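Q: Here are the chains, one letter per residue:
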Amino acid sequence: MPIGVLALQGDFREHIATLEACGADAIAVRTIGELERCDALVIPGGESTVMQKLAVNYGLFDPIKKLIANGFPVFGTCAGLIMLADEIIDGIEGQAGFGGLPVAVRRNAFGNQLDSFETDLEFTGIEGEPIHAAFIRAPIVERIGDGVEVLSKLSDGRIVAVRSGNLLGISFHPEVTGENRVHEYFLKMVQAA
Amino acid sequence: MSNSQTSKSTPLVKRGLAEMMKGGVIMDVVTPDQAKIAEDAGAVAVMALERVPADIRAQGGVSRMSDPDMIDGIIKAVSIPVMAKARIGHFVEAQILQALKVDYIDESEVLSPADYVNHIDKWKFDVPFVCGATNLGEALRRITEGAAMIRSKGEAGTGDVSEAMKHIRTISGEIRALAAKSEDELYVAAKELQAPYELVREVASTGKLPVVMFVAGGVATPADAALMMQMGADGVFVGSGIFKSGNPAERAKAIVKATTFYNDPDVLAQVSRGLGEAMVGINVTDIPAPHRLAERGW
Chain A
1 MPIGVLALQG
11 DFREHIATLE
21 ACGADAIAVR
31 TIGELERCDA
41 LVIPGGESTV
51 MQKLAVNYGL
61 FDPIKKLIAN
71 GFPVFGTCAG
81 LIMLADEIID
91 GIEGQAGFGG
101 LPVAVRRNAF
111 GNQLDSFETD
121 LEFTGIEGEP
131 IHAAFIRAPI
141 VERIGDGVEV
151 LSKLSDGRIV
161 AVRSGNLLGI
171 SFHPEVTGEN
181 RVHEYFLKMV
191 QAA
Chain B
1 MSNSQTSKST
11 PLVKRGLAEM
21 MKGGVIMDVV
31 TPDQAKIAED
41 AGAVAVMALE
51 RVPADIRAQG
61 GVSRMSDPDM
71 IDGIIKAVSI
81 PVMAKARIGH
91 FVEAQILQAL
101 KVDYIDESEV
111 LSPADYVNHI
121 DKWKFDVPFV
131 CGATNLGEAL
141 RRITEGAAMI
151 RSKGEAGTGD
161 VSEAMKHIRT
171 ISGEIRALAA
181 KSEDELYVAA
191 KELQAPYELV
201 REVASTGKLP
211 VVMFVAGGVA
221 TPADAALMMQ
231 MGADGVFVGS
241 GIFKSGNPAE
251 RAKAIVKATT
261 FYNDPDVLAQ
271 VSRGLGEAMV
281 GINVTDIPAP
291 HRLAERGW
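First to last, the protein sequences are chains A and B.
Heads up, the first sequence is in our numbering, so the first residue is 1 and it goes up one at a time.
Heads up, the second sequence is in our numbering, so the first residue is 1 and it goes up one at a time.
Keep in mind the hints are simulated off the structure, nothing from the lab.
Keep in mind that this is a model prediction, so the values were computed, not measured.
Just to be clear, a hint being listed does not mean it is correct.
[As the list claims (entries may be wrong)] Cβ pair distances, simulated, as ranges:
no.	chain 1	residue 1	chain 2	residue 2	range
1	B	144	A	155	31 to 37 Å
2	B	272	A	93	46 to 52 Å
3	B	263	A	25	17 to 23 Å
4	B	67	A	143	37 to 43 Å
5	B	277	A	21	23 to 29 Å
6	A	59	B	198	34 to 40 Å
7	A	95	B	277	45 to 51 Å
[Claimed, not checked] Output of the computed footprint for chain B on chain A, the stretches with three or more beta carbons under 8 Å from beta carbons of chain B:
no.	stretch
8	16-28
9	41-55
10	62-76
11	168-179
Note that beta-carbon positions come from the ideal geometry of N, C-alpha and C, so glycine has one too.
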């Protein structure tokens, strides 16, 4: 079965292209029917406040929440990480994601666009060259709960990639830097699930 | 774990923010209250300006960058990205906007141009720029000057979508024509487009612009937004169409939904209901050519 990419808003096309480059079958998910066809879900970068509203409006919010609670594999990048976090710091009033990842995530943790940056990261479980990562008005993981594995940190120690069970959340955008290995890592998680 | 050096304000980072806005709606706002309404409705970013284009058109006079206090207020009011407009060629307005830490600068024909020959050298700035274009050559010239995002111009402040349609059709058609050319024809194509050969060649081989392209200028209804998305836009700017309508909050929400579900007529029918009056608008054909904003910029 294919990997779904939540296609309400954001850079979902880049995620579909990256998954296809990894040899996976990927589809855009905007409806329940499309969601039900999938083995796993990717939540792309974008604006978390907008994705939440659209997911609620179109009846995807509760079904995705339920899937996550039942162990469905989900990979969130940037806004997607925010959507997976159990606690959102600096969200707008009433903002709540799907949850599932026992972490507290701060929105726009680095400031405005002038503080967006590219860097190279070590990533536990990915061998070879460091990961080239773009952080765009990115969130960070400020606290982690029980059972959360930290996969990557910035040099100052701030956490930018975590995994808990079948959920993978990262602050940055491998899908815009031509980096396929984080998606490959997720596909292995899906196979093992 | 360690990481090596970090670099800010690279083309990837500048263009990247626009990538994250795709499939979204960027709304013109003139006050922090309007910005909050836009954020609550699901705008992916807000555009701060002194007056919405419909008022600029009605009131006339010189139109400039917004008051810094107003921009600060808007930045404080919302958590989504804040864009602000500078006049074409007015690099000092752009320097001020960068100092105010806006997330994107729109070098916009909607304001009165400050330079009728040159646009801003956008490579000199750390903050990314979006620029308007009516055709492919204009888009490529702006990208050459450093624009990290393009919006087709349409005719702002009219509520008439026909110019937006003309410009996106023109740009898409010219890209298709370029992609169909043989390699040895691209030299003349570059000359005709008045754009650098390397960039022309890149567009010919990829079949798309190297940056995100939104549509602007005349989008007033959910159907207008969906029309532009079906035409291949990456997202839409809505200016006067929201805050010059009868029920801005509901219209804003409806346009956001229409932009996501642009291919689903059932959803479009549902979100088009009960919005109250659309902005009255003005037909572009009734505007004498010297008063058309899209003709500013070169």
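Q: Please go over all the hints and tell whether each is borne out by the structure.
A: Each hint tested on the structure:
Here the CB-CB span from residue 144(B) to residue 155(A) is close to 35 Å, well matched to the stated 31 to 37 Å. Restraint check, residue 272(B) to residue 93(A): a C-beta distance of roughly 28 Å breaks the suggested window 46 to 52 Å. Under the hint 17 to 23 Å, the C-beta atoms of residue 263(B) and residue 25(A), about 21 Å apart, fit the expected range. Between residue 67(B) and residue 143(A) the Cβ separation comes to about 39 Å, which falls inside the hinted range of 37 to 43 Å.
At about 48 Å, the beta-carbon gap between residue 277(B) and residue 21(A) misses the expected band of 23 to 29 Å. The beta-carbon spacing between residue 59(A) and residue 198(B), approximately 47 Å, falls outside the hinted interval of 34 to 40 Å. In this structure, residue 95(A) and residue 277(B) break the distance hint of 45 to 51 Å, their C-beta atoms being roughly 31 Å apart. Counting residues of the stretch 16-28 of chain A whose C-beta sits closer than 8 Å to any C-beta of chain B gives 0, which falls short of three, so the coverage hint is violated.
Counting residues of the stretch 41-55 of chain A whose beta-carbon sits less than 8 Å from any beta-carbon of chain B gives 7, enough to reach three: the coverage restraint holds. Remark: the stretch 62-76 of chain A is not confirmed as covered by chain B, as 0 of its residues place a Cβ nearer than 8 Å to a Cβ of that chain, below the required three. Judged by the Cβ-Cβ criterion of 8 Å, the stretch 168-179 of chain A is covered by chain B as claimed, because 3 of its residues qualify and three suffice.
Consistency with the previously given hints fails for numbers 2, 5, 6, 7, 8, 10, ordered from lowest to highest.
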